[in-house]
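Q: Residues per chain, in single letters:
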Amino acid sequence: MTKRLYALTFRLPLILWSALFFIGPLIFLAAMSFFLVKNYRMVEAFETVNWVRMFSRGFFWDAYWRTLGLAALASALASLIAFPAAYALAFRASDTQRRLAIAFLIIPFFTSYLVRVFSWFVILAEAGVINAMLGTIGLGPYTMLNTAFGTVVGWLTLTLPLVLILQTLALASVDRNLIEAAQNLGCPPLRTLLSVILPAAKTGLIVAALIAFILSFGDFVSPYYLGGSKPPTLPILIIDTTKSGQQWPRAAVVAIVMMATLITIAFAAVTAAYAKRASR
Amino acid sequence: MMFPKSPKSLIKPSRRDVLAYGAAGALSAPFVNRAWAQTTELNMLAWYGHGEPDIVGAFEEANNVKFVPKYYAGGDNMLALIAQSPPGTYDVILSDAEFVQQLNAAGYIEPLDAGDYPFDDMLHPDFAKFPGHWDGDTLFSVMVRFGHLGVSYNTTAISAEDAMSYKCFWNEAVTGKVGHFDWHLPSLGMISLYNGNAAGLWDLDDAAWSAVQETTMSLRPQVGGYFDYGGTFNSLKNGEMLAMCGIGDWITGVLEKDGAPVASVIPEEGGIQWTESYCIGKGSAKADIVKTFMQYMLSPEGQVKSAQMAAYPGNCITKGGRALLNEVDGAEAARTHQVEGDPMNPITLIETGRIHYRDIPKNQTLEDWNDFWSEYKNA
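Protein chains in written order, with this note's numbering: chain L, 22 to 301; chain X, 53 to 431.
The hints are simulated quantities; they were obtained by calculation from the structure and are not laboratory data. One or more hints might be untrue.
Stated by the list, open to error - Okay, the calculated beta carbon distance ranges per label pair:
hint	chain 1	residue 1	chain 2	residue 2	range
1	X	420	L	288	34 to 42 angstroms
2	L	295	X	208	53 to 61 angstroms
3	X	414	L	68	52 to 60 angstroms
4	X	165	L	38	27 to 35 angstroms
5	X	115	L	127	43 to 51 angstroms
6	X	273	L	132	31 to 39 angstroms
7	X	252	L	241	32 to 40 angstroms
8	L	288	X	208	51 to 59 angstroms
9	L	148	X	269	25 to 33 angstroms
10	X	168	L	127	55 to 63 angstroms
11	L	86	X	213	52 to 60 angstroms
12	L	65	X	252	56 to 64 angstroms
13	X	273	L	86	41 to 49 angstroms
14	X	106	L	130	29 to 37 angstroms
What the hints assert, rightly or not - Here are the simulated lysine-lysine pairs, DSS-like style, with alpha carbons at most 30 angstroms apart:
hint	chain 1	residue 1	chain 2	residue 2
15	X	309	L	59
16	X	122	X	181
17	X	371	X	338
18	X	371	X	181
19	X	334	L	59
20	X	414	X	334
21	L	59	X	414
22	X	289	X	122
23	X	338	X	309
Built from N, CA and C at the ideal position, the CB exists for glycine as well.
All chains, please: the whole structure from these sequences, using the hints.
A: The structure is reproduced here in structure tokens:
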């Protein structure tokens, strides 16, 4: 009994924190989606009108599938771009080099994400750095700002360092004996990568991709400033919904759909990440 | 002779110590009071820029007050902020004129004494009796500045002649380069004007509303983005956008002064007037000083500050303000056509019927317009 009480004492802060700042607001969000707005004020009610209205609008579903697709693309790109660097840091770099690299990868987070996004203006603009360089070989100018490309660039700015750190840690923790055993048994490098290293680091790699997806899916800054809100993603739809008419209940519907999507995808990803280990 | 106090005397002070500390406290009290009395905080709800030092700095210094601004973007955003705050939260509210009636209907603002304001000095009679600012004979809000919305464009991409019609937004030269200020009201208002609804710009029946939606949708292939103030400013400045729907000199004026090749004109189909008005928040305990501030903003000095506002310029509404502007900053007066005899004089544009006061839709809800705006952005 005393032991259980002791354990509970340590768990209590986390439970209270979650109840106060996650479960509580979540319940309120769900309840709010059934409220009504009258004269810019929310009125407590239990009406399904907000759900019906949002689900019956084509623009909601367009924004939904677009956000899902773009976030998946950004997550895949971040994983693919980060992997060679993570591999090099995990298997080729010395401990000192790896530590230094991870420290450098953390540095971008010292600067506001918004500032980093704004700095892309100078680079991606039609009169910007990239187009100026392309111009010297007779190419361009290309429109990169206010496009889906701009949005994805912004998301990569947000997620790439994080994905790289997580992948590096995942790969660095792969048991070297397994790799040596594969090599000793004559396994070619590509096969070693696909059959030994990737399965062994799978959990970390999937979690890294999942985090990139979660951050991109819910981000407002890049689609708004680099994507020019054209076309809008779900976070922009939330802003639009609240900005005009103060339809917080309808915004709550969008938020709940986003959360449900993220929970489903996170659950599927985590299941996939641990699938093989569980079957062992 | 004074000796350093031992810790013991601080922990367990003698009667003499108590008297000495008491005297010191009593003597310093007036200074403490003065320090506390230094600033009266005035909570302001306004569009960006109105609580900045270039506007309120001199008033703050002269009246021992400090503005604490809360900025919003869009009238319904403002209404929501007030609705979600307890009465008395905001002492001074800068509202878009078309929302004053709703502020009043919801009981968010205090009545004003018309005798406190220089209504006999207005440049146009409408400014004294602005729609929605009066409820019968009771005044609730005082207009302080205005500006006109029309075609805003990059002068290297669109000729001044082409810019005289909203049709220029459909020019091939600006395909993918037409930006929208991300608020449905001004953009859809302009399309309504382009559709020939000048007589009832906001009073659209079903057929006219459908036609406005259709015309707006036809502009979609031309659109390069939807922006807030900062985004609009940047995209025009760096040439990403060559034409902008839904704005006017309030943004291009700042860029123009900075040397950017941009301009705003009121096209033949007409333009829309944005109007900003001050109100005193319901339940404000500082109504007197807010009244003084409103009087200051309507004084020639305040009007010039408003016309030169760093965030976005606005036209003077009083004769005194305009006269002083012409005297102290003739270049800005000329740039904004606030000069007698100028054919683009904003007052002349109003008198000749080219300008329509911004309003809210009469036959549709703001929600309907917003829904369509979302649909348009997603198309």
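Q: So which of the earlier hints does this model not fit?
A: 3, 4, 11, 12, 13, 15, 23
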